[in-house]
Amino acid sequence: GNSVTQMEGPVTLSEEAFLTINCTYTATGYPSLFWYVQYPGEGLQLLLKATKADDKGSNKGFEATYRKETTSFHLEKGSVQVSDSAVYFCALRRGSSNTGKLIFGQGTTLQVKP
Amino acid sequence: EAGVAQSPRYKIIEKRQSVAFWCNPISGHATLYWYQQILGQGPKLLIQFQNNGVVDDSQLPKDRFSAERLKGVDSTLKIQPAKLEDSAVYLCASSLGPWEETQYFGPGTRLLVL
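These protein sequence lines map, in sequence, to chains A and B.
Residue numbers for the first sequence, in our numbering: 5 to 118.
Residue numbers for the second sequence, in our numbering: 868 to 981.
These aren't lab readings, by the way, just hints derived from the structure by calculation.
Glycine included, C-beta positions come from ideal geometry on N, C-alpha and C.
Treat the hints with care, since some could be wrong.
Anything over 12 Å on all C-beta distances counts as not near chain B; from chain A, calculated [claimed, not checked]: (1) T16; (2) L17; (3) E19; (4) L23; (5) T28; (6) T32; (7) E46; (8) L50; (9) F66; (10) K81; (11) V86; (12) S87; (13) S89.
Taking lysine to aspartate or glutamate pairs in the EDC-like style, the calculated list, with each CA pair at most 20 Å apart, reads [stated by the list, open to error]: (14) K60(A) with E46(A); (15) K56(A) with E46(A); (16) K878(B) with E46(A); (17) K60(A) with E967(B); (18) K53(A) with E968(B); (19) K53(A) with E967(B); (20) K64(A) with E968(B); (21) K72(A) with D88(A); (22) K911(B) with E67(A); (23) K911(B) with E881(B); (24) K56(A) with E935(B); (25) K56(A) with E80(A).
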């Protein structure tokens, strides 16, 4: 079946450190891939997306590249800030699906310390 | 532009009681989703509406959960009777259509069943 696996959290970093949050997926067809972020007390927000192999999604300094050969979509940021502290969710949407269902990973909590 | 609205934000009930959640999607969004997010897990789709018709309710526990979107705008999700394992955050999301990549999430309703 279709599924998303993320690295276990929490991830604790100092400000200005490099961030990687690993995400791998299992899917039939050619899914679209997403990273959503959930700040404390707020709803999920789309951070970035990629719809086909080798696409790179980017937003707010975050990047992720759709790697079909390794079925991965790792999230990276060169220099994190305290304001990046949040829960990050990797998700997929099946390309052949006639619905819009998102399938989410379990989430990774990021804590950035000053 | 107003976002997805949900109410109430918090609800505490005892098991076997009933509860209802309300969602008002972004104006003009034809597709509406209800997700269940259990603590420590990613959101899971319960039901998807296209206008006032159900597109996907394969993971909705129909013996106790029901949802409607009578006029193709607002939606209500009901649980009757509630069980302890229903304790979760219930997220409503909307999009322009089922093929629209971006889903916009509301702040969620946090339910605690005692």
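Quiz item: What are the numbers of the hints the structure violates, in ascending order?
Solution: 7, 8, 14, 15, 21, 22, 23, 24
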